[in-house]
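Given the coordinates of chain A, work out where chain B should sit on it, guided by the hints.
Residue numbers (numbering that gives the first Met the number 0), protein chains in the order written: chain A, 0 to 91; chain B, 0 to 115.
By construction, these hints were calculated from the structure, which means they are not laboratory data.
Listed next, with one range per pair, are the computed distances between beta-carbon atoms:
id : chain 1 : residue 1 : chain 2 : residue 2 : range
1  : B       : G69       : A       : G48       : 34 to 40 Å
2  : B       : D101      : A       : G48       : 15 to 21 Å
3  : A       : S1        : B       : S14       : 27 to 33 Å
4  : B       : A27       : A       : D73       : 32 to 38 Å
5  : A       : G48       : B       : E85       : 21 to 27 Å
Backbone N, C-alpha and C fix where the C-beta goes; we use that ideal spot for every residue, glycine too.
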Amino acid sequence: MSTLHVVSHSPFADSRLDSCLRVCGSADAILLCGDGAYGLHNPALPTKGVKVFVLAEELQARNLPLPDWADSVDYPGFVQLSIDYDKVNSWL
Amino acid sequence: MAKSLLVISRQAPWSGPSAREALDIVLAGGAFDLPIGLLFLDDGVFQLAPQQDAKAVQQKDLSANLQALGLFGIDDVFACRHSLAERGLASPASAQTLDSADICKLIDRYDQVMTL
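One chain only, chain B, in its complex shape:
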């Protein structure tokens, strides 16, 4: 049995390569059928905001990668409720919102954790 991996993405979408890299790691893991989860924490929750236009800042769109998660068999996608509330964001449709105690249990459940 492969080790399970939780990727915690905590960078805003256009602040650097971390957001895209976290998604790439998760999608690559999904392509190999690894048990993998993705948690959006802190500024990472900004990746889930709807109707972003990456072209306006000469970046590549991340929404296609986000939509691909389901196709790659990644169903364990979570967002931190505290981070969303802090930033005035509504609960996203594409991720399950978790409070801090649930996130603690989530991290506990996985064999390995990677925070970007």
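Bound conformation, chain A alone:
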């Protein structure tokens, strides 16, 4: 079963993203929202072979460039992802 991991905290203040990457499966994906979008600056993220999505408005708000290894989604896209994956794990 595939899992969509939702991470909303900056990886530079907190260990959520690191732990998420450690336990992430190859069929899983990570959605970055809120300060989680700063996770795009985490060099470990593109090396794990896990799909990475980020909310477009969080990028825009923070003026973060979208790397070629990540995809941006809007809120309807967020909803669609939560349907496409078997379950959602929000790292609260």
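Using the frame of chain A, we list chain B on its own:
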């Protein structure tokens, strides 16, 4: 068949309400015979350290809740080996230690996952 739920507890015991809430969710699920598992990850493994004294920081003891897991039929209690080693903690008697690959499979196995 009820959906299975894995609760991932990753907060230290006295850092806020999350540790207690995670345990309460698991115990409530157990009382209703739901297929439920509990994983201690990151600072959550500090909940398993022995001989803690909650009274010293005016908190309620969590160890009674931890001991109640078995009574409520919660046998699937796990702790992350990496998190334990990072914090210099020994493997706890009350939880099965899992490495990262096993945790990945564990999350896969459950219908729903809740991380607190």
